[in-house]
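**Q** As a plain string of letters, each chain reads:
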Amino acid sequence: MSKLAEIFQKHQDDIVADWSKGMSSANRRKDLISDADLKAQSTELFAAIAKASKTGSLSDIEGSDWREVREILSSISASRAKQGFTPTETASFVLSLKQPVNSRLRKEMAKDPEGLIDETTTANGLIDKMALHTSEAFLTTREQLIARQQEDMLELSTPVVKLWDGILALPVIGTLDSARTQVVMESLLKTIVETNSKIAIIDITGVPTVDTLVAQHLLKTITAARLMGAECIISGIRPQIAQTIVHLGINLNDIITKSKMADAFALALQRTGKIVVSMNKAAAPKKTEHGKDN
Amino acid sequence: MAPQKTETLPIKTASDIVAARQAVRLWAAEMKFSLVDQTKIVTATSELARNTVQHGGGGHMVMSIVESGIHQGLHLVFEDKGPGIADVEAAMRDGFTTAGGMGLGLSGSKRLMSQFTIETKVGEGTRVAVTRWK
Chain A
1 MSKLAEIFQK HQDDIVADWS KGMSSANRRK DLISDADLKA QSTELFAAIA
51 KASKTGSLSD IEGSDWREVR EILSSISASR AKQGFTPTET ASFVLSLKQP
101 VNSRLRKEMA KDPEGLIDET TTANGLIDKM ALHTSEAFLT TREQLIARQQ
151 EDMLELSTPV VKLWDGILAL PVIGTLDSAR TQVVMESLLK TIVETNSKIA
201 IIDITGVPTV DTLVAQHLLK TITAARLMGA ECIISGIRPQ IAQTIVHLGI
251 NLNDIITKSK MADAFALALQ RTGKIVVSMN KAAAPKKTEH GKDN
Chain B
295 MAPQKTETLP IKTASDIVAA RQAVRLWAAE MKFSLVDQTK IVTATSELAR
345 NTVQHGGGGH MVMSIVESGI HQGLHLVFED KGPGIADVEA AMRDGFTTAG
395 GMGLGLSGSK RLMSQFTIET KVGEGTRVAV TRWK
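Note that the protein sequences, when read in sequence, are chains A and B. First residue of the first sequence: 1, per this note's numbering; consecutive thereafter. First residue of the second sequence: 295, per this note's numbering; consecutive thereafter.
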C-alpha cells in the first residue's frame, strides 16, 4: 500500500473534517445545499476513496476497485445538477479536497521531501480525475435528457388522425427537418395502408417556414402516397407562405392545395362520394354561410 | 450606411439554421416588416444558412440593421470557408443542384430579397450578402 493510501486510511476523519471546514468558507452554495448534507456527502465519498485506494491503482480511477467512488461521484453530480449547481461548482467540490490532502501529506511526510513531491503529484492527479468524472457525468445526464426529449417530440409531433372512412389528416407542427420528415412520412404511409384510405390531408398551418427543403420533403411524401394509390391534399397555406413559395419558384402545380383544412375536408368528402347535408332545411342557408367562415 | 445594430451567429449545424431563422424572424418583426416580408426574409435565411452548412461546411451569419436615406433594411451576410462555387452562373440558375435538392435556394433567395450579391472563390469560400429594404 502506498504512503498516500496509508494516510487516507489513518487520517480519514481529519481529512474529511478539514475538507468540510475549507468548503464552508469557500465555493459554497448555502442556498442550495445544507451543511449536514454536504458533510454526509463528503464523508461517504472520502470513505469510498480510502477504501478504493487500499487495493486499487492511484493513477487510474477506471478500474473495478474504484467503481464505488465513480458511482458516488456520478450520483453527486446528478443530484447537484438537479439542485441547480453548475458543472464548475460540482467539480470545485471535488477539487477542494486537494487542500486538506496536501496539507496532511506535508505534515506526515515532512522528513521525506522527495516522497512528499511524488505523493502530492499522485494525490492531485487522482483528485483531478475525479473532478473530471463529475463533469463528464453531468454532461452524460444532460445528453440523455436531451436525447429522450427529442425522441418524445418525434413521437408526439406526428399524429395521423382519421377524419372519416378513407380520409386521413396529418397536422404538421414545427420545423420539418429530415429526421422528422422521415417519421412523418412513415407514419402517414403506414396509416394509409392500415386504414385503407384514399385521401390524406397534410395540414401545414403549424409549419413556420416553408423553404425548398420542406417543399421537397412534402413532394416526396405526396409522391410516395400516390404510388400507394392515395391522393394528398395540402392545406393550411397562409398568404405569406403562398407568396414566398411563388417567389422561391417552387412548383406545386400538380398538387391539390387548399388554404383551409375545412375546404380540404369538403373536397375529400366530395372525392369519396359523400356529402354533408343539414338536418334542418329551414336553417340550412344560414348554416352553410356560417360554415364557410370557419 | 453604417449599421445601427449588428449580431453574428454561428452556422455550423442543422440546429444553428433553426436558431438563425428565429433570430432573423425576431429582428424582422422588431423592425415592423409586414408578415409577408418577414416570411420572405426568414425563408431566404433558411435557404442560405442551409447552403452554408451543406456546401460551405459551416460558417457564420452576420445580421445588421442598415439605413439608406429614409429607408431601413435588414442586411444579412453568410460567410463560409468552404470549397467555393466553381460556376456561379450555373449555381444561380433555377433547378441547378449538386446536393439533390430542388436547386432553387440561391435563385429563390435572390427573388425573395431586395439586394443579393455573391462572392466566391474556389478553395477559399463563399460570401453571400442580402438585404431587404422596407
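Watch out, some of these pointers could steer you wrong.
To be verified - Derived BS3-like pairs (lysine-lysine); straight-line CA-CA distance at most 30 Å:
| id | chain 1 | residue 1 | chain 2 | residue 2 |
| --- | --- | --- | --- | --- |
| 1 | A | 51 | A | 98 |
| 2 | B | 326 | A | 258 |
| 3 | A | 39 | A | 3 |
| 4 | A | 129 | A | 162 |
| 5 | A | 220 | B | 306 |
| 6 | B | 326 | B | 415 |
| 7 | A | 258 | B | 306 |
| 8 | A | 54 | A | 21 |
| 9 | A | 82 | A | 107 |
| 10 | B | 326 | A | 220 |
| 11 | A | 220 | A | 129 |
| 12 | A | 111 | A | 82 |
| 13 | A | 260 | B | 306 |
| 14 | A | 98 | A | 10 |
| 15 | A | 54 | A | 111 |
These are computed hints drawn from the structure, not numbers from a lab.
**Q** Now tell me, hint by hint, if it's right for this structure.
**A** To see whether the hints hold, each was checked on the structure:
Pair hint residue 51 of chain A plus residue 98 of chain A holds up; C-alpha atoms about 18 Å apart against a cutoff of 30 Å. In summary, the hint linking residue 326 of chain B to residue 258 of chain A is supported, as the alpha carbons are separated by about 28 Å, within the 30 Å threshold. Taking the CA atoms of residue 39 of chain A and residue 3 of chain A, the gap is near 26 Å; set against the 30 Å cutoff, the hint holds. With a CA separation close to 56 Å, the supplied pair residue 129 of chain A and residue 162 of chain A exceeds the 30 Å bound.
A C-alpha spacing of about 26 Å is found between residue 220 of chain A and residue 306 of chain B, which places the hinted pair at or below 30 Å, so the restraint holds. The suggested pairing of residue 326 of chain B with residue 415 of chain B is violated, with an alpha-carbon distance near 36 Å, which exceeds 30 Å. A threshold of 30 Å between alpha carbons decides the hint, and for residue 258 of chain A with residue 306 of chain B the separation of about 36 Å lies outside it, so the pair is violated. About 25 Å separates the Cα atoms of residue 54 of chain A and residue 21 of chain A, which keeps this hinted pair within 30 Å; it holds.
A threshold of 30 Å between alpha carbons decides the hint, and for residue 82 of chain A with residue 107 of chain A the separation of about 38 Å lies outside it, so the pair is violated. For the hint linking residue 326 of chain B to residue 220 of chain A, the alpha-carbon distance of about 36 Å lies beyond 30 Å, and the restraint is violated. For a cut-off of 30 Å, the pair hint linking residue 220 of chain A to residue 129 of chain A is broken: about 51 Å separates their Cα positions. At most 30 Å may separate the alpha-carbon atoms for a hinted pair to count; residue 111 of chain A and residue 82 of chain A exceed this at roughly 46 Å.
Straight-line distance between C-alpha atoms of residue 260 of chain A and residue 306 of chain B comes to about 36 Å, which puts the hinted pair past the 30 Å bound. A C-alpha spacing of about 17 Å is found between residue 98 of chain A and residue 10 of chain A, which places the hinted pair at or below 30 Å, so the restraint holds. Taking the CA atoms of residue 54 of chain A and residue 111 of chain A, the gap is about 23 Å. The hint holds against a cut of 30 Å.
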